[in-house]
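There are 4 protein chains.
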Amino acid sequence: MKYTDHGVENLKIAYIGGGSRGWAWKLMSDLAVAEDISGQVDLYDIDYEASLHNEIIGNKFNSAKGAKSTWTYNARRTIDEALCGADFVVISILPGTFDEMESDVHTPEKYGIFQPVGDTTGPGGIIRALRTVPMMEVIAEAIKEHCPKAWVINYTNPMALCVKALYDTFPEIKAFGCCHEVFGAQKVIAKAIREATGEEVADHRAIKTNVVGVNHFTWITDASYHDYDVNKIYADFVERHYKDGLPKENPASTFECAHKVKFDLYRRYGVIAAAGDRHLAEFCEGSWYLKDDEQIHDWGFARTPVSYRKGDLCERRARSERLRTGAEEVKIENTGEDGVRQIRALLGLEDFITNVNLPNRGQIPNLPLGLIVETNATFRDDAVDPVFAGEVPEGVWQLVSRSADSQLIMARAARERDLDLAFKAFVNDPLVGLDIPTARALFDEMVENTKKYLLEYIR
Amino acid sequence: MKYTDHGVENLKIAYIGGGSRGWAWKLMSDLAVAEDISGQVDLYDIDYEASLHNEIIGNKFNSAKGAKSTWTYNARRTIDEALCGADFVVISILPGTFDEMESDVHTPEKYGIFQPVGDTTGPGGIIRALRTVPMMEVIAEAIKEHCPKAWVINYTNPMALCVKALYDTFPEIKAFGCCHEVFGAQKVIAKAIREATGEEVADHRAIKTNVVGVNHFTWITDASYHDYDVNKIYADFVERHYKDGLPKENPASTFECAHKVKFDLYRRYGVIAAAGDRHLAEFCEGSWYLKDDEQIHDWGFARTPVSYRKGDLCERRARSERLRTGAEEVKIENTGEDGVRQIRALLGLEDFITNVNLPNRGQIPNLPLGLIVETNATFRDDAVDPVFAGEVPEGVWQLVSRSADSQLIMARAARERDLDLAFKAFVNDPLVGLDIPTARALFDEMVENTKKYLLEYIR
Amino acid sequence: MKYTDHGVENLKIAYIGGGSRGWAWKLMSDLAVAEDISGQVDLYDIDYEASLHNEIIGNKFNSAKGAKSTWTYNARRTIDEALCGADFVVISILPGTFDEMESDVHTPEKYGIFQPVGDTTGPGGIIRALRTVPMMEVIAEAIKEHCPKAWVINYTNPMALCVKALYDTFPEIKAFGCCHEVFGAQKVIAKAIREATGEEVADHRAIKTNVVGVNHFTWITDASYHDYDVNKIYADFVERHYKDGLPKENPASTFECAHKVKFDLYRRYGVIAAAGDRHLAEFCEGSWYLKDDEQIHDWGFARTPVSYRKGDLCERRARSERLRTGAEEVKIENTGEDGVRQIRALLGLEDFITNVNLPNRGQIPNLPLGLIVETNATFRDDAVDPVFAGEVPEGVWQLVSRSADSQLIMARAARERDLDLAFKAFVNDPLVGLDIPTARALFDEMVENTKKYLLEYIR
Amino acid sequence: MKYTDHGVENLKIAYIGGGSRGWAWKLMSDLAVAEDISGQVDLYDIDYEASLHNEIIGNKFNSAKGAKSTWTYNARRTIDEALCGADFVVISILPGTFDEMESDVHTPEKYGIFQPVGDTTGPGGIIRALRTVPMMEVIAEAIKEHCPKAWVINYTNPMALCVKALYDTFPEIKAFGCCHEVFGAQKVIAKAIREATGEEVADHRAIKTNVVGVNHFTWITDASYHDYDVNKIYADFVERHYKDGLPKENPASTFECAHKVKFDLYRRYGVIAAAGDRHLAEFCEGSWYLKDDEQIHDWGFARTPVSYRKGDLCERRARSERLRTGAEEVKIENTGEDGVRQIRALLGLEDFITNVNLPNRGQIPNLPLGLIVETNATFRDDAVDPVFAGEVPEGVWQLVSRSADSQLIMARAARERDLDLAFKAFVNDPLVGLDIPTARALFDEMVENTKKYLLEYIR
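Chains as they are written, first to last, in our numbering: chain A, 344 to 802; chain B, 344 to 802; chain C, 344 to 802; chain D, 344 to 802.
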């Protein structure tokens with residue numbers, strides 16, 4: 344890269360999973376409007392053709408309406424080529440296919456275990472971690488070899504275990520994990536403020552929050568906005584909406600929620616949970632929110648079936664085709680994502696504060712050191728530093744520590760390719776609640792279903 | 344007290360709950376055979392007559408066969424008289440009556456919650472704590488006034504919250520909580536050694552253990568005996584007996600257990616649980632071991648109904664009458680309790696190491712400071728110091744931290760006489776697993792049943 | 344205050360020490376150019392006339408060239424009036440007069456102890472703390488009563504003990520201590536970069552640093568600027584300039600330094616010290632840099648005699664008179680201070696990251712909790728959060744821990760008005776190095792000299 | 344080894360440095376009177392002849408008057424033979440010869456640095472560490488290979504760095520460092536009790552103390568004996584004896600002290616220092632107690648010249664010859680050492696509590712983890728566990744943290760054979776106080792003088 348009077352030129356960004364038909368396009372859009380940076384984006388994907396398509400699509404963004412900078416997109420046949428000399432690395436992969444995810448999410452149903460997402464924790468998250476961690480190890484090794492000083496942004500789930508694998512493999516890596524889940528809670532707080540005061544909050548980022556926890560199970564211990572008493576406003580809001588929840592924008596969506604779980608947790612603990620209800624529910628005991636579809640429905644959310652994801656993929660494939668051929672024009676949109684802002688901050692073009700996933704060095708004193716935690720961090724010229732976030736509050740601590748403990752066990756189990764150890768986390772998971780033999784049967788079945796990706800574990 | 348060439352004379356021990364028809368007699372027996380100490384024991388009980396009976400029984404021990412020292416027992420009408428000038432204070436009270444305990448243990452059954460003991464954790468433990476903590480505060484205030492330098496031994500349950508209340512009320516108090524529950528686990532280990540090697544272990548104390556956890560939910564992270572590999576021996580023992588458990592001495596007893604829960608926990612976590620199964624089960628999710636009586640039976644233990652305790656009390660009353668009138672002779676027995684040994688050590692007559700309950704100053708680094716934890720401690724001349732016990736191990740940590748978090752909430756709830764805060768611990772308890780309104784209904788019913796002892800909470 | 348579309352109106356700032364003839368004028372200048380905030384500044388000073396003069400001077404800034412906002416300045420006769428309803432409080436007082444400071448700085452010379460500044464640590468800093476802490480307690484009590492939710496910015500030295508007194512008196516206070524000392528080190532780094540690369544760094548703030556330590560004894564554990572290897576550049580710079588130091592802008596100034604102490608400390612510890620050499624030297628053993636004036640001169644700095652400060656005060660008084668009467672026009676200048684930027688950030692008008700003094704909640708894990716430490720912090724809407732700064736590095740840790748320990752002793756000594764305890768810190772100070780009786784003689788003499796302000800200590 | 348009804352037979356003890364003409368004979372005497380253990384002691388020494396002589400002397404102990412058990416002593420030609428199958432390892436070596444020690448102790452005198460001992464800290468301790476750590480690494484490697492489960496007792500100085508090297512080399516080692524220095528402080532306390540109360544304390548061990556710190560710089564934070572107020576008694580004792588100190592038993596001895604340094608430190612910090620004054624003084628700034636021989640004399644102690652040690656060695660050689668040939672009879676004495684008692688405890692024959700050197704796992708929360716610290720520990724069957732000792736107290740903390748920091752730097756410097764890093768500790772040492780070039784000249788001279796043992800450092 345090269346610093347000029349107007350910013351930075353000749354940046355090289357490597358995109359692992361660069362055949363993505365979603366995230367990748369958002370990044371393209373955000374890069375196109377970043378006027379003080381320019382350079383190249385190297386796309387690597389195990390589906391080389393997909394990255395070739397994105398090369399074409401990406402390059403179209405340079406002439407999209409509103410584009411302010413120029414980026415050259417290249418599909419690369421090897422990860423080494425993509426990483427070589429990179430200043431930034433974006434990791435956004437799908438570990439396995441939706442067939443594996445189908446097993447992750449739906450096999451446990453036979454045992455009465457229902458997962459709305461199934462990619463972070465619970466039986467699904469655990470099995471997904473088993474196949475993802477080895478991939479992350481490969482990526483970390485390649486980064487160590489080809490671009491050890493690059494900043495690495497991970498979007499892949501299970502977020503915490505992915506970031507942990509990067510650090511465990513290459514401790515000097517400059518990596519963090521990026522997730523927009525907290526924004527949703529900030530938007531709920533903004534709604535509460537509007538309802539209480541009539542004041543419209545321009546941007547969810549104007550709600551300043553202190554975040555503690557682990558990815559998809561984060562908690563806001565302090566929220567402030569101007570001279571309002573935000574905690575009081577939120578407490579009143581919960582009382583008003585606890586029973587019916589908030590209306591969804593799209594009632595049919597299986598991604599949205601009525602925030603009733605969030606409100607229930609607030610009544611239990613007096614702390615604002617900062618993720619979507621579908622994620623939050625997966626970290627609690629199964630009997631609380633996930634006993635069956637009826638209970639799930641009563642709590643105002645739904646499970647996302649993998650069949651939906653498969654259908655959606657078809658649509659995205661079709662759209663990719665349209666974008667590639669020009670049947671649909673690429674369009675710059677306001678994505679609301681942090682990624683490019685983080686990149687600019689790391690180049691010294693602005694200071695930026697947002698929540699990310701990093702190893703716990705003490706920013707959350709009552710969670711284990713080395714655990715991947717989510718807190719605010721400062722992004723400055725070539726530096727990411729966690730903000731001291733304080734303790735996970737009383738009450739909530741026991742829920743978060745359960746997940747923390749499991750994360751550490753799973754990290755070791757995956758690193759050591761040890762299915763028996765992984766089973767210890769599995770049988771202990773709040774969603775599982777089965778006796779040892781039954782839990783083992785489920786575990787073995789899920790391993791069997793996805794064994795194509797677990798060969799290193801089976802000796 | 345007065346040091347002589349042969350030990351210590353003129354000791355004064357205050358016994359709060361001195362009308363006890365069980366523990367008190369064991370203490371009398373142990374004191375009678377302690378040849379290098381003598382003095383007086385002042386008995387205080389809200390049932391003055393019971394303490395008067397124990398005055399008579401206690402004094403009979405001086406002429407029992409095998410008695411080696413002389414102690415004068417006095418029933419006292421006020422706690423102040425009993426404590427005035429005491430060198431040691433023993434606290435062993437029943438908070439409320441068995442009627443209250445009946446509500447603690449059996450009311451939750453209507454909601455599908457089954458408690459084998461119900462005096463430590465779970466709904467029963469929580470309500471019991473509400474009525475016990477204020478009593479402990481009164482006792483601590485009286486100790487502060489009348490004998491601030493006395494050593495205070497608590498036997499009352501819920502142990503952790505009782506000891507916490509003592510320290511919260513009078514931070515300079517020299518108190519610890521004493522419980523023999525770990526001995527049972529040491530005996531199981533001794534059995535495992537005998538089975539594996541043929542060697543008879545003379546005394547459970549010969550099994551050296553490192554203990555971490557909270558009372559009734561303690562874990563042995565290290566066990567040693569001579570040059571054996573105790574952990575290996577125990578692991579093999581679990582494999583052999585996991586399915587059928589160990590035979591009980593008295594199959595009809597509701598206090599004994601087959602240790603199947605202990606073995607199941609070992610298979611889950613690889614750590615030796617160090618309490619009776621009835622206690623251990625109460626700290627786990629209800630669905631694991633306590634779903635219903637059939638499941639409980641399958642796991643090889645039973646619930647102790649309060650009706651049994653009421654019947655037993657009648658028998659103990661009758662025995663008290665026999666002892667008092669001489670119809671039965673007092674008899675010195677080997678109680679296996681630590682109390683008198685601890686007293687001798689605190690007088691400088693020997694050094695002694697055993698497990699007790701103390702505020703966490705860092706002896707368990709991954710539990711909160713100030714929590715009452717159970718670890719080994721050294722007992723020396725006027726000094727009790729916790730042994731550094733190390734971290735609660737991976738896996739188990741999440742179970743213990745759940746209880747730890749609850750302890751801290753409950754300590755504050757009781758101190759501040761705040762039922763709403765207590766309900767936060769209640770609804771969060773692993774045995775409860777109810778939604779908020781249902782849990783509140785149960786909570787309110789249990790409070791109502793025992794409100795005679797909870798007037799300070801109801802404003 | 345009142346939020347509008349353009350920012351915040353009707354702000355109320357209370358300025359304690361508002362008769363200041365230096366800092367106050369900088370604040371006036373910075374407020375005048377802050378276009379999105381306006382309101383009133385209430386000035387309180389024990390020298391009421393001085394605050395009256397500043398009322399007049401302050402109001403002139405509204406019509407100064409370049410002024411973009413309007414502020415009403417009012418001199419207030421009582422601290423209560425000044426604080427009542429304040430949104431922000433600025434504390435910048437001189438504890439005692441320069442006569443007391445003369446004793447602080449120069450009395451120790453008779454014992455061979457030479458202090459370049461004498462207001463932070465060493466004998467001078469310790470005696471100054473004794474008279475300052477009670478003043479801070481009074482201010483904190485008044486804030487608690489009149490504006491408990493105000494943000495409080497302290498500039499008074501000894502910084503750490505002043506901020507600690509604020510928190511010890513009113514634990515919920517929203518206070519931080521602000522000092523520009525680190526900027527000097529950033530400027531030295533900027534010089535090193537220019538020398539190595541020819542590149543001019545626009546602003547010292549462009550050098551991103553991670554700061555750990557205590558005020559005036561801070562250390563930069565990480566510095567970054569674009570893609571340069573700043574640590575390497577600095578190490579080379581030290582090697583080149585170690586012997587001769589850097590030229591001063593004004594060779595006669597007793598405030599500037601040649602940075603030779605800073606370079607010597609870098610060679611000793613491999614860490615960049617981040618304060619002026621006059622301050623740094625006072626935290627090291629006296630024999631290192633402060634044996635006598637010759638050694639001080641060889642190290643490229645000088646002591647600031649209090650006579651200089653007295654002369655300077657005369658000049659500032661004269662200038663105040665000129666500004667008040669209009670003989671000199673008030674002029675808006677670029678002060679480089681953080682204060683107004685912090686205020687804007689706390690109002691939610693921008694996010695801001697800078698170094699400040701706050702209680703250690705764990706942001707520096709190897710210093711005691713509760714110690715006032717200096718690290719970066721994020722300033723956002725109604726929130727200041729320390730950045731997790733990490734450990735004080737090996738080697739340096741022992742120097743900083745010495746100061747930390749002393750801070751805690753002195754805080755307690757001042758709070759409890761205990762001269763004997765203060766003497767424990769005094770005799771232990773690295774600059775003192777005297778035996779107990781000699782140190783006590785010096786201590787007593789310094790107390791006697793300033794006893795007008797220490798009456799509460801002398802019982 | 345083999346457990347019998349009466350104790351343990353066939354124990355194997357390996358003695359590294361087994362040609363010792365002092366410690367070895369004490370161990371022989373203590374083993375001879377331990378009636379419930381017996382076995383063999385394998386002696387290894389780089390001076391094989393010396394170990395041969397000790398073989399002969401050791402075997403004579405079996406028939407000494409009062410001997411109660413039988414031990415076979417064997418001189419071994421290789422460390423491997425000595426260690427093979429050992430149950431216990433004793434390490435007591437002299438690193439280098441007294442010629443090297445002469446340089447350690449006396450070279451710094453040219454620079455005005457006076458060391459009473461010079462084997463633990465200060466310039467002498469640092470250079471000694473450089474040559475000792477590699478030897479410890481060799482021993483630890485051999486233990487790992489030949490007897491990984493053996494208990495290892497180190498007596499070699501510098502104690503802390505030796506034990507650290509053992510653990511750094513073989514983290515699973517079961518090692519601790521044993522030093523009788525604290526006993527001296529307990530004896531002073533016993534004197535204070537006698538003077539205050541007339542009561543004779545039978546044994547220094549009857550004074551129960553809580554110990555924190557690092558070897559030779561330990562502090563007693565709590566001392567108890569019966570119902571006396573020991574802290575008050577000690578404070579009064581210090582006031583009476585501060586000026587003149589206590590009389591030495593042998594005024595000519597350079598090993599004894601008048602305890603004036605100990606009393607001075609008590610007046611400075613209010614904490615009882617628990618080592619001989621010669622050691623204590625070396626951890627403080629040189630100007631306090633070690634400016635010159637006159638100051639040293641005034642403080643009531645003396646430096647031990649290495650010439651004395653050389654002379655003493657001649658005498659011990661002569662005595663060895665007499666013992667070997669029978670010209671002098673071996674005699675069982677009461678050594679007062681802990682070693683054999685620790686061995687018996689580790690065999691499960693008694694529980695024992697004493698102070699030893701172990702890695703800090705948290706037993707002293709305000710010192711770094713991994714530092715070798717001295718606290719009490721429990722010795723039980725195959726288990727040594729540190730007692731939780733609490734924080735190093737305010738005031739003292741800064742002195743101990745200085746040494747702690749240096750220990751960590753030196754451990755790394757020696758492990759990495761890095762003289763430049765070792766120099767960082769050297770120039771920072773409280774006794775050194777020289778500027779960088781002068782300190783480097785001294786350092787280089789001391790390295791040169793002892794380079795025979797430092798070849799691995801010089802590349």
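Bear in mind the hints are in silico, worked out from the structure with no lab data behind them.
Treat each hint with caution, since some may be false.
Since the list gives no way to pick one copy over another, a pair counts as held whenever it fits inside one copy or between any two copies.
Each computed DMTMM-like pair below joins lysine to aspartate or glutamate, with the alpha-carbon atoms no more than 20 Å apart [claimed, not checked]:
# : residue 1 : residue 2
1 : Lys591    : Glu515
2 : Lys408    : Glu599
3 : Lys517    : Glu791
4 : Lys634    : Asp778
5 : Lys517    : Glu734
6 : Lys492    : Asp565
Structure-based check of all given hints:
no.: 1; hint: Lys591 - Glu515; in the structure: neither (43 Å within a copy, 39 Å between copies)
no.: 2; hint: Lys408 - Glu599; in the structure: neither (31 Å within a copy, 55 Å between copies)
no.: 3; hint: Lys517 - Glu791; in the structure: neither (35 Å within a copy, 43 Å between copies)
no.: 4; hint: Lys634 - Asp778; in the structure: both (17 Å within a copy, 12 Å between copies)
no.: 5; hint: Lys517 - Glu734; in the structure: between (25 Å within a copy, 19 Å between copies)
no.: 6; hint: Lys492 - Asp565; in the structure: between (34 Å within a copy, 15 Å between copies)
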